[in-house]
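*Asks:* Could you build the full structure based on these sequences and the hints that come with them?
Chains A and B are the protein sequences, given in the same order. Numbering follows our numbering, with no gaps: position 257 of the first sequence is 257. Whatever position you read off the second sequence (first residue = 1), add 275 for our numbering.
Hints listed in this document are in silico derivations from the structure and should not be mistaken for laboratory results. Careful: at least some of the hints might be erroneous.
Taking CB as the label site, the calculated pair distances span [stated by the list, open to error]:
1. 382/B - 224/A: 37 to 47 angstroms
2. 606/B - 207/A: 13 to 23 angstroms
3. 581/B - 255/A: 30 to 40 angstroms
4. 92/A - 475/B: 25 to 35 angstroms
In this text, a Cβ means the ideal position worked out from N, Cα and C, and glycines have one as well.
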Amino acid sequence: MTAGGFDSATRISVGQALTAEDIAAAGLHADEDVARYATRLGDDALILSQRLSWWISRAPELEEDIALGNIALDLLGHARSLLTYAGTAGGKTEDDLAYFRDEDDFTCVHLVQLDPGDFGHTIARQLVYSLYAYELYTALSHSDDPTLAAIAQKAVKEVEYHVDHAWQWAMRLGDGTEESHRRMQAGLDQVWPFVDELFEDDDLTDRLKGVAVQPSSLRPAFDDAIRRVLAESTLELPSVPQARTGGRRGEHRESLGFVLAEMQSLARMHPGASW
Amino acid sequence: MADSSPQASTDPGTTATSSPEQEQFDRIIEQDSRIEPRDWMPDAYRKALTRQISQHAHSEIIGMQPEGNWISRAPSLKRKAILIAKVQDEAGHGLYLYSAAETLGTPRSVLNDQLLTGKAKYSSIFNYPARSWADVGAIGWLVDGAAIQNQVPLCRCSYGPYGRAMVRVCKEESFHQRQGWEILHSLANGTPAQKQMAQDAVNRFYGPALQMFGPPDGDSPNSQQSMQWKIKRFSNDELRQRFVDMIVPQAEALGLTLPDPDLRWNEERGHYDYGDLDWDEFKAVLSGNGPCNAQRMAHRIRAHEEGAWVREAAAAHARKQADVETKESTLLRHA
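*Replies:* Right under this line is the structure:
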């Protein structure tokens with residue numbers, strides 16, 4: 001180990017506190033498929049962070065301004081690490097990928113693109129995404145790619161807290177009042193059509209065996225967890241049809257264009273500037 | 276050491292008929308020691324502190340809005356992360372400060388109602404818009420800079436919980452000021468458009484930041500009492516002067532101009548002279564007629580009202596849990 005805590009070969013080792021800056025400085029070069037995979041996961045985290053940070057100054061309690069802000073910040077951290085790593089394949093930075101890619105080049109799932117809705121909708125989405133991400137990063141911690149494994153090891157500790165946050169709120173809202181029960185159930189019903197897409201395998205994940213996680217392999221653990229939390233919260237597993245998917249192929253919901261227009265506006269007004 | 280000067284009992288901060296509690300209070304203040312929540316204190320001291328601490332808390336909460344306005348558009352992911360952390364810190368400061376105010380006997384819900392009904396004030400600086408990304412930098416450098424100048428002496432405030440809250444708040448504010456300065460530094464050394472953006476922001480925030488220290492000493496009725504109680508340690512004008520002396524060389528290092536033609540070094544005083552501030556403007560903004568007063572209040576009221584069902588649900592759930600625990604312990608007792 002070097003003084004900085006990195007293996008001399010890759011300068012990245014599992015379990016170290018890992019930042020986007022560390023990855024950028026490590027002189028890595030991700031394979032193109034690995035970069036595509038890292039971009040997917042990075043895009044999911046980035047767009048959900050963007051959605052969640054809307055709540056800061058708008059939450060029902062000060063404590064929630066802080067908690068939701070904190071979760072948004074963690075997700076942004078995951079996005080930065082993943083996009084920085086993805087960028088090493090083509091000599092791009094995290095900001096090149098976040099601010100100067102067009103909508104069709106984003107590969108995030110539809111779940112993260114949905115309009116924020118009320119607090120019940122937000123908690124429903126956080127519950128679904130966090131339970132999925134927890135299983136994903138737990139499995140990805142054993143990836144053959146040491147950088148992905150290191151990113152996942154750091155992320156999973158944070159996502160464990162996100163699960164706890166969403167789980168507790170699902171219980172409070174499910175059990176609290178008639179109105180909160182109704183709104184939490186409505187939130188679940190609204191996000192549920194976008195669940196299957198999280199677990200879709202495709203050519204890329206098939207090609208990256210041992211490096212990427214097969215999304216379908218995460219489904220049983222997710223189903224177990226969601227059933228438990230819904231039972232504890234007196235909520236029903238929604239029985240609504242699944243929506244058409246396409247996020248991983250760059251086929252997005254109409255809402256993504258607006259998210260990107262806002263997020264990218266200032267950076268694109270000053271191309272080449274540093275901030 | 277206690278100063279048993281005979282003037283103590285005639286200070287306006289003490290009552291005419293001195294009780295043993297009052298004498299004890301006066302002694303603590305004189306000794307530069309701390310008043311704690313369970314100590315006796317004059318009603319006027321309690322009231323003045325509740326007002327000051329809650330206004331400070333309200334300012335943190337309303338202050339989340341102008342910078343929060345740029346989270347979604349921050350021009351790099353690193354800047355976005357820093358800004359989220361900063362606005363989150365402000366919520367945290369609000370939380371410590373409401374807790375400190377609660378130790379004086381007024382619950383947070385009451386303080387919050389005072390904010391939402393317009394009975395309580397917050398710092399008028401937050402009624403100015405954050406129009407450009409550079410405003411995030413100017414708010415950090417000038418507004419948080421002025422706040423630090425005000426707040427560092429408050430770490431020695433005679434009321435213990437407020438002083439202790441301020442120690443942590445000041446550490447974080449100092450980070451906020453540095454990040455603001457750094458944003459402006461990047462802009463000032465960037466493209467001509469970025470430099471212009473930085474200069475515009477400084478032009479707009481310089482005057483309002485100087486006014487954050489409050490009216491001139493001759494026109495600040497509450498200050499003297501507050502200084503006798505050792506809540507406040509320096510006058511408005513003293514703090515303003517220190518701030519000006521601090522930012523002039525910082526502006527030079529940035530290569531930006533402070534928008535005050537009268538600003539110059541006064542060798543005799545050993546301080547920078549600065550021009551008159553527009554106090555009519557200050558009073559207009561303070562009394563509700565600033566560019567964003569209505570918007571800031573509407574935003575806060577909407578968040579509070581739209582969150583009501585969530586708070587009710589949390590309270591109802593907590594009650595049900597408590598009922599279950601009571602029933603369980605009753606069953607255990609009768610088992």
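*Asks:* Run every hint past the structure and note whether it holds.
*Replies:* Evaluation of the provided hints:
1. In this structure, residue 382/B and residue 224/A meet the distance hint of 37 to 47 angstroms, their C-beta atoms being roughly 42 angstroms apart.
2. The hinted window of 13 to 23 angstroms between residue 606/B and residue 207/A is violated, with their beta carbons roughly 59 angstroms apart.
3. Between residue 581/B and residue 255/A, the C-beta spacing of about 20 angstroms breaks the proposed range 30 to 40 angstroms.
4. The hinted range of 25 to 35 angstroms is satisfied by residue 92/A and residue 475/B, whose Cβ atoms lie roughly 32 angstroms apart.
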